[in-house]
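Listed below are the residues making up each chain.
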Amino acid sequence: MRYSKEKILSESIPLLALCAVLEIAGGQLLNNEKIFIAIPFLLTTIPVVNGLFGNLGCILGARLATGLHLGQIDLSLKNKELRENVIQTVILGLLIILFLTAFIWAVSPLTGLSTGPLSPLKFIIIMLGAGLLMTIIITVMSVVSAFLSFKKGIDPDNTVVPVVSTTGDLMGITTLIIMVGLVL
Amino acid sequence: MKLDMVKQSLPFLIICGIGEVFAGTIFGFMKDLFIDYPGLIVIMPAVIGMRGNIVTTLGSRLGSSIHLGVIDPENVLKSPETKENIHATLMLSVVMGVITSVVAYTSSISAGVKTITLPSLIMVTVLSALISGAILIIITIWIVILSFSKGLDPDNVTAPILTTVGDIITIFCIYFIVVILGGLGVIS
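Top to bottom, those sequences are chains Z and A. FYI, our numbering numbers position 43 of the first sequence as 43, with every residue one higher than the one before it. FYI, our numbering numbers position 5 of the second sequence as 1005, with every residue one higher than the one before it.
There could be a bad hint or two in this list.
[To be verified] Only some residues are given here: those of chain A computed to face chain Z with a beta carbon under 7 Å:
| no. | residue |
| --- | --- |
| 1 | V1076 |
| 2 | L1092 |
| 3 | S1107 |
Because the hints were derived from the structure by calculation, they are not lab data. Being a predicted model, the structure only gives us computed values, none of them experimental. All residues carry an ideal CB built from backbone N, CA and C; glycine is no exception.
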């Protein structure tokens, strides 16, 4: 047998427990901000922002890892391949947040979730602000974690995804709270 | 300027995004439960994130096993390696449900945040982990078999599909479990 329950459990639990602590921190932030329960429509945005930027970070991370392995990307920020990847990540982040903002607002009459005092303009500002902040955060996290692990001889394929998806969840909730606080 | 990443990822990210809007809508419908059961919202990001981590690593291990020839793609279900992986995934779901509940409960109590009891949190996390875990294990194996038979590398398809489908199923499961357990008066 290649696999044993004991080995899978003992290798997974420490890392997952660390993820649990970070995710619970996000949960406490969310619980502390009563406006999300007062305007349940805002709750919709949380899985969307967390999921979208988690995916985007994973794609960028996987591409950086491949680029580093193939030698197309070196550990310099002036590298052309790296710049093109970063620019494309920013384009993708902005395009998709624009599309999803419109989509969430458009389907809101169907779901019947109360939008409370939100106007379309306020919602767009919240989502674009959070999207912009998250694009920057996710890009920096992916590049830094890929570079650091590559420098230390650790395969970035194994590190970037868990780092970016967990911190992405925590930062997604944080940026949404910041934008909602600024706008409402 | 190359735009290969934008062109290839955009359709896929939009489909996942629409899936997440669906997950988010169920999350919004849970509002009254978050008011009735304080502290429930605290565990939500952790339970959703954990489910994604546990199932995507299962998908990743099954993908590697098929590549390595450890599991026969024609007989995935009969392989003892698959059974060992399923057992490990279910056990991990239970263990992480308990750990998540303990972290949530102790952090709430020490910060003076109102919360339902620790046994209530454990019941919700463990039951939802087992039910959503069972559904997602079946979906994972099915995706691995299907992608392999279609000549696709399971490593490229399982993770993105599972994170989105996993979010929807997990939020659904928590919603129903809290409604049922709440109706029976077992959580407080």
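Verification of the hints:
1. V1076: violated (13 Å)
2. L1092: holds (6 Å)
3. S1107: With Cβ-Cβ at 6 Å, under 7 Å, it holds.
In terms of the numbered hints stated before, the structure departs from hint 1 and from no other.
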